[in-house]
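Undergrad: Here is how the chains run, residue by residue.
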Amino acid sequence: MVTSPSAPVVDPRLATIWSALGEVPDPEIPAISVVDLGVIGDARFEPIEAGERLVVDLMPTFVGCPATEVMRDQVGERLRTLQIADEVEVRVSFSPPWTSDRITPAGREALRGSGFAPPSGVALSFAPGDLLTMLPSAICPYCGSRNTTLENPFGPTLCRSIHHCADCRQPFEAFKPV
Amino acid sequence: MTVAPARSLGPTESAALAELLLTLADDEFILGFWDSEWTGIAPILEEDVAMSSISQDEIGHARAWYELLAQLTADDADRIAFGRAPDEYRHAALLNHARGDWAHTVARRLLYETADAVRLESLTGSSYAPVAELAAKMRREETYHLLHWNAWLRQLTAAGGEARDRLVAALALRWSDAQSIFAPLAGEGILRAGGILPEAMAALQKRWHERLGQWLSAAGLSLPGPATDPPQPSTAGRTGRTPDFAWLHSEFTLVARSEEGATW
Chain F
-6 MVTSPSAPVV DPRLATIWSA LGEVPDPEIP AISVVDLGVI GDARFEPIEA
44 GERLVVDLMP TFVGCPATEV MRDQVGERLR TLQIADEVEV RVSFSPPWTS
94 DRITPAGREA LRGSGFAPPS GVALSFAPGD LLTMLPSAIC PYCGSRNTTL
144 ENPFGPTLCR SIHHCADCRQ PFEAFKPV
Chain S
20 MTVAPARSLG PTESAALAEL LLTLADDEFI LGFWDSEWTG IAPILEEDVA
70 MSSISQDEIG HARAWYELLA QLTADDADRI AFGRAPDEYR HAALLNHARG
120 DWAHTVARRL LYETADAVRL ESLTGSSYAP VAELAAKMRR EETYHLLHWN
170 AWLRQLTAAG GEARDRLVAA LALRWSDAQS IFAPLAGEGI LRAGGILPEA
220 MAALQKRWHE RLGQWLSAAG LSLPGPATDP PQPSTAGRTG RTPDFAWLHS
270 EFTLVARSEE GATW
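These protein sequences, in sequence, are chains F and S.
For the first sequence, the positions run -6 to 171 when the numbering used here is used.
For the second sequence, the positions run 20 to 283 when the numbering used here is used.
Extracted from the complex, chain F is given alone in its bound form (with noise of 0.2 Å):
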C-alpha cells in the first residue's frame, strides 16, 4: 500500500481510500495505477453543510494531458463507490507540479514490464548548453541493454519519447523525465 506523504494516514478511512485508488488504472497505459504513477496528491475530508465532503488532489503528468479528464472521472467515480463521504471531489492540482520522480518502484517495475522504459532520474537542466545531454540513454526494457539511441523526444503521448535498442533491434517507449 502506498500513502500519500504529505498525508498521514490518521482518518482509518483514508487507508480504504489509497487502497481503492490503487485499483483504478491509468487509461493510457493500465498495467499502472494512478497511486503507483504518482498521480494522486493529497486525500482529505472538508466540513460541508451537508456533512463531509472527500477531496483528492490529482496530478496531471502534463498540462496539456488529454487523459486528465478520463482519470478526474474513474477516480471519483471508483471513491463514490466507497460511500465514505457525502460528496466526492477529484480536484486538478500543480501545487507541487507532478513529476516523474513521482512514479514508485512498484509503478516503475509495472512500466518495464509492459515495455516502457521508466524514466532516468536526470535532473531537468534549463541552460540551452545541456539541453543535448539532457536525455540520457534509456535502458531498454526487453534486454536491459544501456546501448540504445534517443530516436524522438516527442512520442505517441505527450509523457512518451521513442528509443531504439542495438542489442536486441527493439524499438520501445520511455518515459520522460520531466
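Worth double-checking, as some hints may not be accurate.
[As the list claims (entries may be wrong)] Take a look, some chain S residues computed to stay more than 10 Å from chain F by CB distance: (1) 37; (2) 56; (3) 152; (4) 157; (5) 181; (6) 187; (7) 208; (8) 213; (9) 266; (10) 272.
[Unchecked claim] Per the computed footprint, the stretches of chain S lying under chain F, defined by three or more beta-carbons under 8 Å from a beta-carbon of chain F, are: (11) 73 to 86; (12) 102 to 115.
[Stated by the list, open to error] Residues from chain S that keep clear of chain F, each with C-beta distances beyond 10 Å, as calculated: (13) 94; (14) 119; (15) 153; (16) 247; (17) 251; (18) 278.
It is worth saying that the hints were derived from the structure and are not from the lab.
The beta carbon of each residue, even a glycine, is placed where N, CA and C say it ideally should be.
Chain S: place on chain F using the hints.
TA: Quick look at chain S alone, frame taken from chain F:
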C-alpha cells in the same frame, strides 16, 4: 479543471491579471493552431510526431491559462477561446502570420520558444500562486521544445547553403514582430506593484535578446536585428491583426460557430 484557491485580488489588479492571462493564453493557442497544420506534412515522419506533440502541449497550456482566466472573470474557457471576434485576440504580432515554409516555422519557433522560456522563468516568481505554479509546470515541459528547436537550429545552419539562407532570412523577416511578445501591458504597473509580474516586460525582452544571442552565436549566427537598450517594442504589438489570422480564426471557430453551445 480547477486549481488551488489563490489570494483575493482587488478589481484593478484582477483586470490587469486578466489582460496578462489573455496574452499568455492567446499566444499558446494561436501558435498551437498554426503549427498543428504540419501534422501529416512535416518534412520527415519523426518531425510529424514531434510537431504534433509540441502543438498539443501549446493547446494544453492555452487551455490551462484560459481556465484560470475564466475563474477570475466568471466566464467560460471555451467561450473565451472560440467566442471572440478576430480583433479581440491578444496574441503577439509574431503569430499573425501563416506557417509559411519549414524555415519560417523553425525561425518563428526559435524566436517564440526562447522568449516564452524567459517569460515562464520569470513568472515562476509571481506572487499570484496559480500563475507561479502553472509557469513552473509548463517550464519543465517547454524544456523539451527548447531541445527540439535548438536541434533544428544546429541542423539547418550546419547544412549551410539554402537551408541556412532561408532560416537567416526568416529570422530577419520576423525579428520586428517578435518584439511584440514583450509589448508593454496596459496594467503592467499594477501587476508589477503587486508582484504578480515579477519583472517589467522590457527587462524580460532584454534578457531574451541576451539568451537568443548566445544560441544563435553558438550556431554561427548573430541577432537578426538591433537589440537596443532600452529595447524597442514592436509597433504592431498585440492588437494589429492580419488577413492570415482572419483565415485561421475562421478555421478554429468553425465547429463552435456551426453548433452553438456544442460540447466536445
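Undergrad: Among all the numbered hints in the text so far, which are the ones the structure does not match?
TA: Of the numbered hints given earlier, those the structure breaks are 3, 4, 12, 15, listed in rising order.
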